[in-house]
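Peer 1: The listed protein sequences correspond, in order, to chains A and B.
Under the numbering used here, the first sequence has 99 at position 99, and the numbering climbs by one with no breaks.
Under the numbering used here, the second sequence has 120 at position 120, and the numbering climbs by one with no breaks.
Be aware that one or more of the hints could be misleading.
[What the hints assert, rightly or not] Once the Cα atoms are required to be at most 27 Å apart in a straight line, the calculated DSSO-like pairs of lysine-lysine come out as:
| hint | chain 1 | residue 1 | chain 2 | residue 2 |
| --- | --- | --- | --- | --- |
| 1 | B | 47 | A | 57 |
| 2 | B | 56 | B | 5 |
| 3 | B | 5 | B | 93 |
| 4 | A | 57 | B | 56 |
[Said to hold, decoys possible] Derived coverage of chain A by chain B (criterion: at least 3 residues anywhere in the stretch with Cβ under 8 Å from a Cβ of chain B; other residues may be distant):
| hint | region |
| --- | --- |
| 5 | 28-37 |
| 6 | 55-69 |
| 7 | 86-92 |
| 8 | 105-111 |
By construction, these hints were calculated from the structure, which means they are not laboratory data.
Bear in mind that the values here come from a model prediction, so they are computed numbers and not experimental data.
Each residue gets a CB set at the ideal place from its N, CA and C atoms; glycine is no exception.
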Amino acid sequence: MAEMKRHDNRLGLWGWLGGGRWGVERHAYILHRLTGLAILLYFLMHIVVTSLRASGKYMWIEGHVLHQPVFRFGEYLVFAAFAYHAFNGIRLVLVELGLAVGKPIEPIYPYKTSLNVQRPLLISMMVLAGIFLLLGSFEFLGVGK
Amino acid sequence: MRETKYWTWHMTAGVVILFLLGLHMLIMHVGGVSTSFAPYSGEATSKANSLFRDSKLFFTVTYIFLLGIALYHGLYGLRTILFELTLKPVVEKSITFVLTITGLGLFVLGTWAAIATHAIALSGARG
Numbered sequence: 001m002a003e004m005k006r007h008d009n010r011l012g013l014w015g016w017l018g019g020g021r022w023g024v025e026r027h028a029y030i031l032h033r034l035t036g037l038a039i040l041l042y043f044l045m046h047i048v049v050t051s052l053r054a055s056g057k058y059m060w061i062e063g064h065v066l067h068q069p070v071f072r073f074g075e076y077l078v079f080a081a082f083a084y085h086a087f088n089g090i091r092l093v094l095v096e097l098g099l100a101v102g103k104p105i106e107p108i109y110p111y112k113t114s115l116n117v118q119r120p121l122l123i124s125m126m127v128l129a130g131i132f133l134l135l136g137s138f139e140f141l142g143v144g145k
Numbered sequence: 001m002r003e004t005k006y007w008t009w010h011m012t013a014g015v016v017i018l019f020l021l022g023l024h025m026l027i028m029h030v031g032g033v034s035t036s037f038a039p040y041s042g043e044a045t046s047k048a049n050s051l052f053r054d055s056k057l058f059f060t061v062t063y064i065f066l067l068g069i070a071l072y073h074g075l076y077g078l079r080t081i082l083f084e085l086t087l088k089p090v091v092e093k094s095i096t097f098v099l100t101i102t103g104l105g106l107f108v109l110g111t112w113a114a115i116a117t118h119a120i121a122l123s124g125a126r127g
């Protein structure tokens, strides 16, 4: 038996950036990773910035550098990334636990796919993420103040 | 087997973060829902409202808890993504080492800040 080489199936970045023909769930997976990386980058900076309050520096309040519109908009993007990542994450956990993929059935033509069960879940989660995002948008846009 | 355990912790951490970070987002950015945690006028992120929350032990404890599990969830997620690029074992070990040190360092910083501001907020409330 030939020895398996470690790099035989190496796809590099395209391995997880390329959607291929896997449908909307695969694109949801890519977006989940991108939003996760964006949230992580923000979170690491957020820890440092908020820790400065221990020395009396509140850099995010009115009149300070992080209260400028460009940072407020960036914060809104992070909020949107969180809304997506959180609700898509619920879907992923349900699928991982086998709760949203339907029961195993005989492969009889016309074949049914578990996507028939998964797709409504994806749509439901995106609707909930949209509602959460809308509520946050009112706050960011200052509606009602 | 060990990686399965780490992955299970990653998912569990995600569910816990959903509630804690969801609460954090509701307080900070969906202020119309509740003003219980931001009683002073102005934004929920104002200095007065921040000090109000820092004076509550509940917030200090949950900040530290959220900090720890969010760092684990985020840095383990980054490690998973990087490992899918099929790296050399020595590079994988280096990445694990760097991410562990980064996570521990930020956890110590955030924990110190949460405890220090709790003490500051309490002394301010008394004084």
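Peer 1: Decide, hint by hint, whether the structure agrees.
Peer 2: We went through each hint and held it up to the structure:
1. 47(B) / 57(A): Within the cut-off at roughly 10 Å; holds.
2. 56(B) / 5(B): With Cα atoms ~34 Å apart, residue 56(B) and residue 5(B) exceed 27 Å; violated.
3. 5(B) / 93(B): Between residue 5(B) and residue 93(B) the Cα gap is close to 18 Å, so the pair holds against 27 Å.
4. 57(A) / 56(B): The hint holds at about 20 Å.
5. 28-37: The restraint on the region 28-37 of chain A holds, since 3 of its residues have a Cβ under 8 Å from chain B and three suffice.
6. 55-69: Satisfied; 4 residues make the cut.
7. 86-92: It holds: at least three residues are needed, and the region 86-92 of chain A offers 3 whose Cβ sits within less than 8 Å of chain B.
8. 105-111: violated (count 0)
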